[in-house]
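S.K.: Read off the chains here:
There are 2 protein chains.
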Amino acid sequence: MPKPLGTDARKREQLSSQDRFAWPLARVGILGGGQLARMMTKKAKKLGCWVSVLDPDASAPAGQVAAEQVVGSFDDIEALRTLAARCDVVTFDTEHVDASLLLKLEAEGHRFFPSPSLLALVQDKLEQKQVFLAHGLPTSRFAALPADTPAGLRAFGFPLVQKARRGGYDGRGVVVIRGEEQLSRALKGATYAEELVDIEKELAVIVARSVSGEVRSFPLVEMVFDPRSHQLDTLLAPAAVPYEVFDAAQALAKKTVEAFGAVGVVGVEMFLTKTGQLLLNEIAPRPHNSGHYTLEACVTCQFEQHFRAILDLPLGRTDQLQPAAMINLVGESGPRGSAEVVGLRAALAVPGASVHIYGKSESWPMRKMGHVTVLAPTLDEASARVAAVRKVLRIYGGD
Amino acid sequence: MPKPLGTDARKREQLSSQDRFAWPLARVGILGGGQLARMMTKKAKKLGCWVSVLDPDASAPAGQVAAEQVVGSFDDIEALRTLAARCDVVTFDTEHVDASLLLKLEAEGHRFFPSPSLLALVQDKLEQKQVFLAHGLPTSRFAALPADTPAGLRAFGFPLVQKARRGGYDGRGVVVIRGEEQLSRALKGATYAEELVDIEKELAVIVARSVSGEVRSFPLVEMVFDPRSHQLDTLLAPAAVPYEVFDAAQALAKKTVEAFGAVGVVGVEMFLTKTGQLLLNEIAPRPHNSGHYTLEACVTCQFEQHFRAILDLPLGRTDQLQPAAMINLVGESGPRGSAEVVGLRAALAVPGASVHIYGKSESWPMRKMGHVTVLAPTLDEASARVAAVRKVLRIYGGD
Chain A
1 MPKPLGTDAR
11 KREQLSSQDR
21 FAWPLARVGI
31 LGGGQLARMM
41 TKKAKKLGCW
51 VSVLDPDASA
61 PAGQVAAEQV
71 VGSFDDIEAL
81 RTLAARCDVV
91 TFDTEHVDAS
101 LLLKLEAEGH
111 RFFPSPSLLA
121 LVQDKLEQKQ
131 VFLAHGLPTS
141 RFAALPADTP
151 AGLRAFGFPL
161 VQKARRGGYD
171 GRGVVVIRGE
181 EQLSRALKGA
191 TYAEELVDIE
201 KELAVIVARS
211 VSGEVRSFPL
221 VEMVFDPRSH
231 QLDTLLAPAA
241 VPYEVFDAAQ
251 ALAKKTVEAF
261 GAVGVVGVEM
271 FLTKTGQLLL
281 NEIAPRPHNS
291 GHYTLEACVT
301 CQFEQHFRAI
311 LDLPLGRTDQ
321 LQPAAMINLV
331 GESGPRGSAE
341 VVGLRAALAV
351 PGASVHIYGK
361 SESWPMRKMG
371 HVTVLAPTLD
381 EASARVAAVR
391 KVLRIYGGD
Chain B
1 MPKPLGTDAR
11 KREQLSSQDR
21 FAWPLARVGI
31 LGGGQLARMM
41 TKKAKKLGCW
51 VSVLDPDASA
61 PAGQVAAEQV
71 VGSFDDIEAL
81 RTLAARCDVV
91 TFDTEHVDAS
101 LLLKLEAEGH
111 RFFPSPSLLA
121 LVQDKLEQKQ
131 VFLAHGLPTS
141 RFAALPADTP
151 AGLRAFGFPL
161 VQKARRGGYD
171 GRGVVVIRGE
181 EQLSRALKGA
191 TYAEELVDIE
201 KELAVIVARS
211 VSGEVRSFPL
221 VEMVFDPRSH
231 QLDTLLAPAA
241 VPYEVFDAAQ
251 ALAKKTVEAF
261 GAVGVVGVEM
271 FLTKTGQLLL
281 NEIAPRPHNS
291 GHYTLEACVT
301 CQFEQHFRAI
311 LDLPLGRTDQ
321 LQPAAMINLV
331 GESGPRGSAE
341 VVGLRAALAV
351 PGASVHIYGK
361 SESWPMRKMG
371 HVTVLAPTLD
381 EASARVAAVR
391 KVLRIYGGD
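Protein chains in written order, with this note's numbering: chain A, 1 to 399; chain B, 1 to 399.
Same shape as in the complex, but just chain A:
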């Protein structure tokens, strides 16, 4: 443990209020050691922070670049307490953690951003929708459903989208039910129904809000999803929409983050309907897959912005310098095994391609292994070039 960690918290706060920081600037903990935490860690260190991550996998992507890793489960209060005790502030790679444990640790005096109560709220997508409604933020019509009966679905009216209140992501926990004949698809457990919206585009805005309430948004982006896997297929930044939509979406995203009182970076997902309406879909209070392009394309990236926000430093400029397109690199179908990257040479030959490999030694089908951002003078060109990368670059699980 580096020596300055000994400096007591009170003295650090006092110094900070005078714009003086003993190195390290702050001791930051990250709950979860995946790729988001890996990219977060690099930027936290750039700003002069010391970083510890908690993850059950001893070779977690973020553990490879952090000062240390606490190897342990997110459900283990002792592991969480160990991390929190070693850090000035703890933040998150994932929002799928037991918020009750965090609330307990918060009560013991440990600091978390975003707050455990916000995490608890957003973990329940139905509650998210209720907050949207309470603040007059536009979102599709929805209703809670009594568990395991078709009555509520019928009452809501077909066609509809049924969603699990908790735990769904990348298309899991979501079904479309177009009529009586599809009721067999219905999800079990705690769910809710949403109107099936006629979607023109799926959009996202990354917004940062600092401890003292400064708010900045990144450009509006378009997310194109793979219809089969429901994972992000291609991200286009900025979104090709009329400027009124662009501005309205950014304003809506900022208003949303302020409504939730979030601290840190928040991914705000929304739909643009065929009729030109913007409707909030959901929010994720952490750096977001739709913001990876900011690493290459923007003056400040989402990962650095997150730490500026939670450490209450001035937020950075978010101007985008060139159009960008991004794809995720997921493990190909086939066996699980040691990762093998095929076509890296060909991919790097595509002008403006920036390849990120996450340091995961094993690949399995659909596992997020890396991503590629391509910058180009026009969005069409960026999109064409990232498609060229997709054609040649593959990650397999080998022997």
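To be clear, the hints were calculated from the coordinates, so they are not data collected in a lab. Glycine included, each C-beta is placed from N, C-alpha and C at the ideal position. Just to be clear, a hint being listed does not mean it is correct.
[Said to hold, decoys possible] One side only, chain A facing chain B, incomplete, derived with CB under 10 Å: (1) L315; (2) A339; (3) H356.
Once you've looked at the hints, dock chain B against the given chain A.
M.R.: Chain B only, in chain A's frame:
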């Protein structure tokens, strides 16, 4: 040690020739664990490499982000051999290493880029000048000097610049002798004399050359030096010079790197004289302080480009997206001690400012502790903003 390190070298090479890479893409060693190695390590990992660094300081900046650090001296052949044996290729944070040891290890089959023979050559600035001359590359008139006698200096003619053949950097090992009355300043040991050139601007170009000979240059930049410390004061990118000079300087830099047969990234420093001539000053076969701005400002940064070059991957686009100005953050004069950063909040409030802290726990006068790059729509604006950062941001050695 991660499991894939077991994969034997022959199999890795065979796979690579088919554009297939087992993770990690390559096991890279870096000799020296300072800030250059730290920024190199982050980018090597982004490309999917595993990184080990050798440095005598157990808390070296690069060791904090690498997979492992070999703690040892650059002069210790056993430490060097340990590093080399664990890696597919070894590269450098510094060129001040005993090349004879590297030549011995190269003969044992270990791989180094740049090559030990190139390092040996550039360590002797007189030999560098002789290579410039042999290849018809423009440089100021110079002559070797017999050690410790004023006769050679007189014969060369005043005014002149006397330089140590080895070990000089940041202004050390350089004196200007304007006439007989300044002979007492003369350096001892192996030195040479150079014509005192009437300098309009000091310029630099970062050039990358890959194993298979692909060459790309970054934009021409201007280096403004502190007249007292002789360290880089402000870097301006791109250099504000007529386009003919811009193009000629890039062509000269490429020709120079090809003349030396360097592999990797090379910093090529040159003078623009008052009469409009470009004269080579010296080269450094590694990522260079004058290329830090590429992290924020260019499509590919010098650190990633270095690994693309030494791993024989296609080089990246080097286009600059926005004008940039950069300053180094060096320890203030005063006591040596635990680093304290003053004015970080104020610095981050400057639009477009990106602050890099190198993770050095101790500060002392003139120690390189970090750097700041500012992007702005115009070079004048970038320059004004970086000057605003300099006014507020300081690093002291405290208790």
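S.K.: Look at each hint and say if it fits the structure.
M.R.: Comparing the hints with the structure gives:
no. : hint : verdict
1   : L315 : holds, 8 Å
2   : A339 : holds, 4 Å
3   : H356 : holds, 5 Å
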